[in-house]
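There are 4 protein chains.
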Amino acid sequence: MIAIIKQGVQKNQIDTLVQWLENQNLTVHISNGEFTTILGLVGDTTKIDIELLENLDIVEKVKRISEPYKSANRKFHPQDSIIDVGGVKIGGGNFAVIAGPCSVESEEQIVEIAKKVKESGATLLRGGAFKPRTSPYDFQGLKADGLELLKIAKQETGMPIVTEIMNANHLELFDDVDLIQVGARNMQNFDLLKELGKTKKPILLKRGLANTMKEWLMSAEYIMSGGNENIILCERGIRTFETYTRNTLDLSAVPMLKELSHLPVIVDPSHATGISRMVKPMALAATACGTDGLMIEVHNNPQKALCDGAQSLTPDEFSDVMNSVSKIVEVMK
Amino acid sequence: MIAIIKQGVQKNQIDTLVQWLENQNLTVHISNGEFTTILGLVGDTTKIDIELLENLDIVEKVKRISEPYKSANRKFHPQDSIIDVGGVKIGGGNFAVIAGPCSVESEEQIVEIAKKVKESGATLLRGGAFKPRTSPYDFQGLKADGLELLKIAKQETGMPIVTEIMNANHLELFDDVDLIQVGARNMQNFDLLKELGKTKKPILLKRGLANTMKEWLMSAEYIMSGGNENIILCERGIRTFETYTRNTLDLSAVPMLKELSHLPVIVDPSHATGISRMVKPMALAATACGTDGLMIEVHNNPQKALCDGAQSLTPDEFSDVMNSVSKIVEVMK
Amino acid sequence: MIAIIKQGVQKNQIDTLVQWLENQNLTVHISNGEFTTILGLVGDTTKIDIELLENLDIVEKVKRISEPYKSANRKFHPQDSIIDVGGVKIGGGNFAVIAGPCSVESEEQIVEIAKKVKESGATLLRGGAFKPRTSPYDFQGLKADGLELLKIAKQETGMPIVTEIMNANHLELFDDVDLIQVGARNMQNFDLLKELGKTKKPILLKRGLANTMKEWLMSAEYIMSGGNENIILCERGIRTFETYTRNTLDLSAVPMLKELSHLPVIVDPSHATGISRMVKPMALAATACGTDGLMIEVHNNPQKALCDGAQSLTPDEFSDVMNSVSKIVEVMK
Amino acid sequence: MIAIIKQGVQKNQIDTLVQWLENQNLTVHISNGEFTTILGLVGDTTKIDIELLENLDIVEKVKRISEPYKSANRKFHPQDSIIDVGGVKIGGGNFAVIAGPCSVESEEQIVEIAKKVKESGATLLRGGAFKPRTSPYDFQGLKADGLELLKIAKQETGMPIVTEIMNANHLELFDDVDLIQVGARNMQNFDLLKELGKTKKPILLKRGLANTMKEWLMSAEYIMSGGNENIILCERGIRTFETYTRNTLDLSAVPMLKELSHLPVIVDPSHATGISRMVKPMALAATACGTDGLMIEVHNNPQKALCDGAQSLTPDEFSDVMNSVSKIVEVMK
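Chains as they are written, first to last, in our numbering: chain A, 7 to 339; chain B, 7 to 339; chain C, 7 to 339; chain D, 7 to 339.
What the hints contain is simulated information worked out from the structure, not anything from laboratory work.
Computed from a prediction, not measured in an experiment: that's the story for all the values here.
Note that the Cβ used here is the ideal one computed from N, Cα and C, for glycine as well.
Wrong hints could be hidden among the right ones.
[What the hints assert, rightly or not] To give an idea of the chain D side of the interface with chain A (calculated C-beta under 7 Å), a few residues:
1) His35
2) Ser37
3) Ile44
4) Gly46
5) Lys69
6) Arg245
7) Phe247
[What the hints assert, rightly or not] In the PhoX-like style, the derived pairs of lysine-lysine whose C-alpha atoms are separated by at most 25 Å in a straight line are:
8) B:Lys81 x A:Lys137
9) A:Lys149 x B:Lys204
10) A:Lys333 x C:Lys333
11) B:Lys12 x C:Lys81
12) B:Lys220 x C:Lys220
13) D:Lys137 x C:Lys67
14) B:Lys12 x C:Lys76
15) B:Lys12 x C:Lys200
16) C:Lys69 x B:Lys220
17) B:Lys69 x A:Lys200
18) B:Lys200 x A:Lys200
19) A:Lys121 x A:Lys333
20) D:Lys137 x C:Lys200
21) B:Lys81 x C:Lys69
22) A:Lys12 x D:Lys220
23) A:Lys69 x D:Lys17
24) B:Lys204 x A:Lys137
25) C:Lys76 x D:Lys137
26) B:Lys69 x C:Lys220
27) A:Lys69 x D:Lys12
28) D:Lys12 x A:Lys67
29) D:Lys76 x C:Lys137
30) B:Lys137 x A:Lys204
[As the list claims (entries may be wrong)] Derived Cβ-Cβ restraints for the label pairs, each shown as a range:
31) C:Arg70 x D:Ser72: 56 to 64 Å
32) D:Lys69 x A:Asn29: 51 to 59 Å
33) D:Gly98 x B:Lys157: 29 to 37 Å
34) A:Asn29 x B:Asp182: 33 to 41 Å
35) B:Glu265 x A:Asn29: 48 to 56 Å
36) D:Gly98 x C:Arg70: 56 to 64 Å
37) A:Asn175 x C:Gly127: 53 to 61 Å
38) D:Asn100 x B:Ile88: 37 to 45 Å
39) D:Lys81 x A:Ile64: 14 to 22 Å
40) D:Lys81 x C:Pro84: 54 to 62 Å
Start from the sequences, fold in the hints, and give me the full structure.
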């Protein structure tokens, strides 16, 4: 960490700061320039509050050299983490596809889709039970009943299940859920993250709509610092000025995160684009840049269901996507 | 609401859709153009899920004409709402200033600041007890102890108190809090919003970092649809590409929200800019474009305290800001 | 195009508007709702100025149904356009790779790189002669001399050359350039676009830093409406809040543009990410989502040259990228 | 400037870099930390190309401490610049209002508006002759004829005139223009900026849609480094995700630029919001945070003219705005 001292600051003020820093178990290198003095802080700076330091009257700027995340940092954990989700491995060369409907609607629906996507090669089943919706008047999901239906589909197909949590108080309902999803809007719901850190459940941490990769890894760090290191990151598009797609899928995040962190990274092309025609090309692109898996929305009865999303594929379309994805997976080996 | 039908869709498919819409108690006007058919939906479209409709195979686009929020909408509530916060009125011509430190640190600190800001004309006291921090390693606030210190400051000065909630389970601790703040990161924590909707407590709803005004009003709607109409909106800067300021204060939101909604709107220039020198000009600007109040960070001992934020004013600086603000308030009458 | 009339507008005012629209050779369908009147405009609305209409006192909103671009629109030109660049075809299944250094520095440099990238499979040579730089104090390129060196490299290798134009007055210097690049900062330099529309030269139109796909296609339309239909679009990253990568590569733009337009779309992963380690994964991703080609920075002497960009590959790294890209190209067939 | 060296770099490689830097007339301070070596560069770093340095294999990051602009920098020019525009002073306490129509349409129109806005207190007349439009099919302005009409209005009223240039080749047509506007889309049209740097004409440099303040000041630097220091900066809104306003007016830019630079800063609330009802509140806000002037669109015949923008005020509305603005100007003294 580097602290740049303002011009014209008295030597005794700098000395006081240096002393305070040394009391935090840091070694301080002082570089006196013509116009500025620069302090180089060596040691464990992870726990230094950068804003706190920047707020000092005598400090112009503070720059971290090392990243503020530790448990999630590849520097301290060079091997890829492999997360075991109900027997299905993700990361470290294990490619996994999560598929299923946006919302669980009925036993028939979820079981049928589960069977279909399993046939096409999906290894995990997703389905929304608690749904975060922008409007209080929109459908909020089947809630606990939806979880029960997911469990039935799990029994019928043997697929581990993935679903979103919106409230730490619901945790006990999630006992049979194999991978708990934290949605984009809750990526910085720190109290929820802390509670999840106390469990050993694998967590699928989606990127916030307007969050940087650094903030995303810091949210992973919240869970990990609580003791739960079973985290899978999921890129699902960020908010930009472009309106032709719902969000802008940031695929550069995949190789960047693989470099910064040892955690598996998967991609959700359905939510990112919001358009079913874009799911296939973006799924292929994600695979080609090294994602550890995909999360794809599939619905079984698009011609009938009103809630069949513009972003959902039919089982046949999904099968076609899987076919192409597996060819890219092959090339990537 | 308007639904634009795709080119080449069969008449019987359109008929099915029209019938379904009419079953939702809407009147449907059909306009057949050369290339497109347009359905004009008349009635209470608030409860129509726009994504659900857009996802239909035969629908090209859906456009709302009327806004999706109802309780927060000025059309249905033309008079300004006036929110009573522990005896202090905000909105409808009542201008209020909330001031205090970022974090409550000690009884001495909070009581002293409270007295100082009251002297300068602040009418509500703020202070953070539960602190949302990007890093799990940063100071997380004094929590319940901080709330106790705030109450002491309230007793000493008579000022109603404002502080942030991060977890609905803490609600009972907030019994003596006069205005409960929902922070930017929790603006779409829908479960928290629902719980707050069940109380009668005034809520200060901060805008999310990357949320549109529409989403913000929809979050207000979550609280209001639960029965709690005591909402104050707080603009605190949005995330953009600019890096010289921490966020970009969107002051256009003030007159725009005053037009769209009857709820009071206040502005937080401290968090928006992150720079104490910017607080005064932006406080004046906010006042000049019609804000119902301000929220300003003030700290009492900047030369000593390491946690004295770059964005905090000293009590003397705050007094100077209040002096100028009151002149603008006078002109605005 | 749909015009939504404000509530409470008099019938005679609407009649005046309808008459004016009909004078523009449009057919107008009127749909009278309970609260709103909607006008559906049928005919060639391309030439209707949407702002002009929206500015009318009686109009609430105007929505285009059809896109405002015509020459670039796939609806009116269903087949893929194939652009011939000095004998190298791009588009319609013809995949092309443009490679070369950021700046032309010397004859030796450009000729050597040209030979190397040709060996690895590049079919076009790029090199900057006129360089747009944020600072007036940064290196502005060799200008006309750089163009001469590019021509030498073209003679030596037979590769068509690609370089950026910044000023329409330089057009005659570009006589021997095979593909003229319009950089991101000039995407809406409309006077430059008009001048390029008068030539028959193939144009490589890069996306502006913060421009939507619609604006980008409208800039293509500027050139095409002048009579020059030889346009290749190049996605090179957009400006977002993320700072770990220089820009955010918007790969969804590739399939989206292929749907909206018949023009070829290529991707520049070097400028988009600004990091040489990201070039390979993003080149593979771009290929997997259907790009018609790639534009990649290659430098020959990274250990010596100070201007060897963090985003440039060595010839060996480029050869490795080409190797992997060709496998994806194979799969995509 | 600080250069952070990568971990594990050999001493001799660092020595080579240090030597190269010293050859650029910089003094280099070396700080050897446990994990990193930091070079502090002292001297005139303005001319060091930061990308060039960052691209070196051995360099992790480069951080500027001092800003890269020099002529525009308040550090080297502490007094406010006052720009004389045809006898009207702007900056250094001189508040000026530029008003007029978006497009010059006819002699009658421009003369009438000129007289009206002058009566209300405007001191400069604006009117578009060359119009940058997103679509080639939209009205492109009266061009040279429009300039002639502006000159007539100048003769009739004595008001200096302001209009936009889109092409350096038109410069001789602008001889009688008092303040030449560079529009947002041309803010980084560096060839245009260079040509304007060769004149002595006052330049109104609008901020680019997605440009940072640093880039904006660098564009001012392009003009100033050519010898023309008569620059006025104009904030006109930036592109964000918000859609209720056309752009997001970044008023924090006003006090920030006043701190960073000595150049006058004015604000255009008409283009920023795109909504005439927002012009008054945002004009007042801009004035309250210290702008040196305003640029406001006024049209004379809104009920008739189809091109009367949603963002234009009538002369009566403008008079009302001026009335309130002058009260804020009074308070600000």
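Hints, one by one, checked against the model:
1. His35: Because about 5 Å separates histidine 35 of chain D from the closest Cβ in chain A, which is inside the 7 Å limit, the hint holds.
2. Ser37: 5 Å, holds
3. Ile44: Where the cut-off is 7 Å and the nearest Cβ of chain A is about 5 Å from isoleucine 44 of chain D, the hint holds.
4. Gly46: 5 Å, holds
5. Lys69: 6 Å, holds
6. Arg245: Holds, because the Cβ-Cβ distance from arginine 245 of chain D to chain A comes to roughly 5 Å (cut-off 7 Å).
7. Phe247: With a minimum Cβ separation of about 5 Å from chain A (threshold 7 Å), the hint on phenylalanine 247 of chain D holds.
8. B:Lys81 x A:Lys137: 29 Å, violated
9. A:Lys149 x B:Lys204: Holds, at about 19 Å.
10. A:Lys333 x C:Lys333: Satisfied, since the Cα-Cα distance of roughly 10 Å is no more than 25 Å.
11. B:Lys12 x C:Lys81: 14 Å, holds
12. B:Lys220 x C:Lys220: 23 Å, holds
13. D:Lys137 x C:Lys67: Holds. Lysine 137 of chain D to lysine 67 of chain C sits at ~23 Å (cutoff 25 Å).
14. B:Lys12 x C:Lys76: Holds, at about 19 Å.
15. B:Lys12 x C:Lys200: Judged against 25 Å, a Cα distance of about 34 Å means the pair is violated.
16. C:Lys69 x B:Lys220: Between lysine 69 of chain C and lysine 220 of chain B the Cα gap is close to 19 Å, so the pair holds against 25 Å.
17. B:Lys69 x A:Lys200: 40 Å, violated
18. B:Lys200 x A:Lys200: Holds: lysine 200 of chain B and lysine 200 of chain A sit about 21 Å apart, inside 25 Å.
19. A:Lys121 x A:Lys333: Holds. Lysine 121 of chain A to lysine 333 of chain A sits at ~22 Å (cutoff 25 Å).
20. D:Lys137 x C:Lys200: Between lysine 137 of chain D and lysine 200 of chain C the Cα gap is close to 13 Å, so the pair holds against 25 Å.
21. B:Lys81 x C:Lys69: 23 Å, holds
22. A:Lys12 x D:Lys220: 20 Å, holds
23. A:Lys69 x D:Lys17: 24 Å, holds
24. B:Lys204 x A:Lys137: This hinted pair holds, its Cα atoms lying about 20 Å apart.
25. C:Lys76 x D:Lys137: Between lysine 76 of chain C and lysine 137 of chain D the Cα gap is close to 21 Å, so the pair holds against 25 Å.
26. B:Lys69 x C:Lys220: At roughly 19 Å apart (the allowed maximum being 25 Å), lysine 220 of chain C and lysine 69 of chain B satisfy the hint.
27. A:Lys69 x D:Lys12: 15 Å, holds
28. D:Lys12 x A:Lys67: Roughly 21 Å between the alpha carbons, so the hint for lysine 12 of chain D and lysine 67 of chain A holds.
29. D:Lys76 x C:Lys137: 21 Å, holds
30. B:Lys137 x A:Lys204: OK: lysine 137 of chain B and lysine 204 of chain A at ~20 Å, within 25 Å.
31. C:Arg70 x D:Ser72: 56 to 64 Å: 48 Å, violated
32. D:Lys69 x A:Asn29: 51 to 59 Å: 26 Å, violated
33. D:Gly98 x B:Lys157: 29 to 37 Å: Since the Cβ atoms of glycine 98 of chain D and lysine 157 of chain B sit about 50 Å apart, the hinted range of 29 to 37 Å is violated.
34. A:Asn29 x B:Asp182: 33 to 41 Å: 37 Å, holds
35. B:Glu265 x A:Asn29: 48 to 56 Å: 54 Å, holds
36. D:Gly98 x C:Arg70: 56 to 64 Å: 46 Å, violated
37. A:Asn175 x C:Gly127: 53 to 61 Å: Given a distance of about 58 Å, which is inside 53 to 61 Å, the answer is holds.
38. D:Asn100 x B:Ile88: 37 to 45 Å: For isoleucine 88 of chain B against asparagine 100 of chain D, whose Cβ atoms are near 41 Å apart, the range 37 to 45 Å holds.
39. D:Lys81 x A:Ile64: 14 to 22 Å: Cβ of lysine 81 of chain D to Cβ of isoleucine 64 of chain A: about 18 Å, so the range 14 to 22 Å holds.
40. D:Lys81 x C:Pro84: 54 to 62 Å: 59 Å, holds
Consistency note: the structure conflicts with the earlier hints numbered 8, 15, 17, 31, 32, 33 and 36.
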